[in-house]
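Novice: Sequence:
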Amino acid sequence: MKALLCLLALLTCNSAHAQPVLRFLSWQDYFDPAVIEDFQQSTGIRVEYQGFTTAEELMQAMQSGTAYDVIVPSHFMLKELISSDKLATLDTARLAHYKQLDPWLLSMLAGQQATTQHVVPYLWGSVGIAVDRAKAQAAYQGPLPSSWSLLFEPQQVARLFACGVSLPDAPQEVSSLMLNYKGRNPAVSSPRQISKALQPLEPLMPRFAELNNWSYIDALATGRLCLAMSWSGHALMAIEKNPALSYLIPDEGAAMYIDTLAIPANAPNPALAYRFIDFMIAPDNAVRNARATRFYAPLPSDSPIMQGFAKAHPMQVMSAAQRRGSYLLESLSDAQKVALHGTWQKLKAARQ
Numbered sequence: 036m037k038a039l040l041c042l043l044a045l046l047t048c049n050s051a052h053a054q055p056v057l058r059f060l061s062w063q064d065y066f067d068p069a070v071i072e073d074f075q076q077s078t079g080i081r082v083e084y085q086g087f088t089t090a091e092e093l094m095q096a097m098q099s100g101t102a103y104d105v106i107v108p109s110h111f112m113l114k115e116l117i118s119s120d121k122l123a124t125l126d127t128a129r130l131a132h133y134k135q136l137d138p139w140l141l142s143m144l145a146g147q148q149a150t151t152q153h154v155v156p157y158l159w160g161s162v163g164i165a166v167d168r169a170k171a172q173a174a175y176q177g178p179l180p181s182s183w184s185l186l187f188e189p190q191q192v193a194r195l196f197a198c199g200v201s202l203p204d205a206p207q208e209v210s211s212l213m214l215n216y217k218g219r220n221p222a223v224s225s226p227r228q229i230s231k232a233l234q235p236l237e238p239l240m241p242r243f244a245e246l247n248n249w250s251y252i253d254a255l256a257t258g259r260l261c262l263a264m265s266w267s268g269h270a271l272m273a274i275e276k277n278p279a280l281s282y283l284i285p286d287e288g289a290a291m292y293i294d295t296l297a298i299p300a301n302a303p304n305p306a307l308a309y310r311f312i313d314f315m316i317a318p319d320n321a322v323r324n325a326r327a328t329r330f331y332a333p334l335p336s337d338s339p340i341m342q343g344f345a346k347a348h349p350m351q352v353m354s355a356a357q358r359r360g361s362y363l364l365e366s367l368s369d370a371q372k373v374a375l376h377g378t379w380q381k382l383k384a385a386r387q
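In the numbering used here, the protein residues as written are 36 to 387.
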């Protein structure tokens, strides 16, 4: 009996001192590892991280019912997540650093369906063109237009295939930018119009050197691509290794996206989630994450910390003119998503 009591006491002691664990589902490598380590050291909470590289992976994880404490959905995923009750309502009063977030970003999110009740902005960016001008102009045999026509006009992109052209495996971004280039509003386009807009890409798909959301960065950096539709942060990663590259926001504008921090409705540790989110949006940590990922920080551009950051990293702060010339990626209806998914799978199949 004495031995049993000792064993029970030991188990109770171990349970009381068990390290709490926070499960974090995020875009791949979308933070500064040192920030996560500092959170673990300062709180005693272990962060169990899992990465994803496509929007579909996150949505599938949410549909599977797998329990995470904090996730990083892009703003255009929020309508579906909220309508299907996948996200907890967020009490921003529990976030000491919420008031230091960029009011412009918060207003952009407020224009989406009830999103400010469920998320806070984390990192954001634009979708433009990464280009090696010298190689591209040689293949193009003339000055490059500052236009999405380089990717969306078959005769123009065909002139660039010889030096390597890439699209992301991101149907929402590709279809939105293509429709916008053609003067159409993706949000009010019918499913048939969305499918029809992408059809010109089908015969071209086998000629794109890359169709992915991660390895194309290395292809840009090593000179295997001369032009790619790219997220801004990925473009800057490649530029650091290959100074011949530049990041272009075409005259028709870039698509903007806001990645957010959210607590799933089935989160096992919401109290830990609030602590983690508040730590991640603290200005110093927000800038550290922006510096590490090369995306834009969620802080006011006129704040002292961002003014200093802009001097050191000018390409990571979107100017007022660039903001005005760009637009926020739209949320699509279920019917639009079904049409887009089916068309995109057909396009991908054309590469095989």
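Calculated directly from the structure, the hints in this document are not laboratory data. Cβ atoms here follow ideal geometry from the backbone N, Cα and C, with glycine treated the same way. Any given hint might turn out to be false.
[Claimed, not checked] Computed Cβ-Cβ distance ranges for the label pairs, DEER-style:
1. 54 / 197: 35 to 41 angstroms
2. 123 / 281: 38 to 44 angstroms
3. 235 / 197: 18 to 24 angstroms
4. 337 / 191: 36 to 42 angstroms
5. 96 / 222: 22 to 28 angstroms
[What the hints assert, rightly or not] List time: in silico DMTMM-like cross-link candidates among lysine to aspartate or glutamate, alpha-carbon distance up to 20 angstroms:
6. 276 / 120
7. 346 / 319
8. 372 / 64
9. 383 / 188
10. 381 / 204
11. 170 / 64
12. 114 / 275
13. 381 / 64
14. 134 / 286
15. 372 / 188
16. 114 / 83
17. 231 / 275
Novice: So, for every hint listed, does it hold in this structure?
Specialist: Structure-based check of each hint:
1. 54 / 197: 35 to 41 angstroms: violated, 55 angstroms
2. 123 / 281: 38 to 44 angstroms: With Cβ atoms ~42 angstroms apart, the hint holds.
3. 235 / 197: 18 to 24 angstroms: Taking Cβ atoms as reference, residue 235 and residue 197 lie about 20 angstroms apart, which means the hint holds.
4. 337 / 191: 36 to 42 angstroms: holds, 39 angstroms
5. 96 / 222: 22 to 28 angstroms: Holds - the Cβ-Cβ distance for residue 96 and residue 222, about 26 angstroms, lies within 22 to 28 angstroms.
6. 276 / 120: Between residue 276 and residue 120 the Cα gap is close to 43 angstroms, so the pair fails against 20 angstroms, i.e. violated.
7. 346 / 319: Roughly 16 angstroms between the alpha carbons, so the hint for residue 346 and residue 319 holds.
8. 372 / 64: This hinted pair is violated, its Cα atoms lying about 27 angstroms apart.
9. 383 / 188: Holds. Residue 383 to residue 188 sits at ~19 angstroms (cutoff 20 angstroms).
10. 381 / 204: holds, 13 angstroms
11. 170 / 64: At roughly 30 angstroms apart (the allowed maximum being 20 angstroms), residue 64 and residue 170 break the hint.
12. 114 / 275: violated, 35 angstroms
13. 381 / 64: This hinted pair is violated, its Cα atoms lying about 29 angstroms apart.
14. 134 / 286: violated, 34 angstroms
15. 372 / 188: The given pair, whose Cα atoms are some 24 angstroms apart, is violated under the 20 angstroms limit.
16. 114 / 83: violated, 27 angstroms
17. 231 / 275: Violated, because 38 angstroms separates the two Cα atoms, which is more than 20 angstroms.
Comparing the model with each numbered hint stated earlier shows that hints 1, 6, 8, 11, 12, 13, 14, 15, 16, 17 do not hold.
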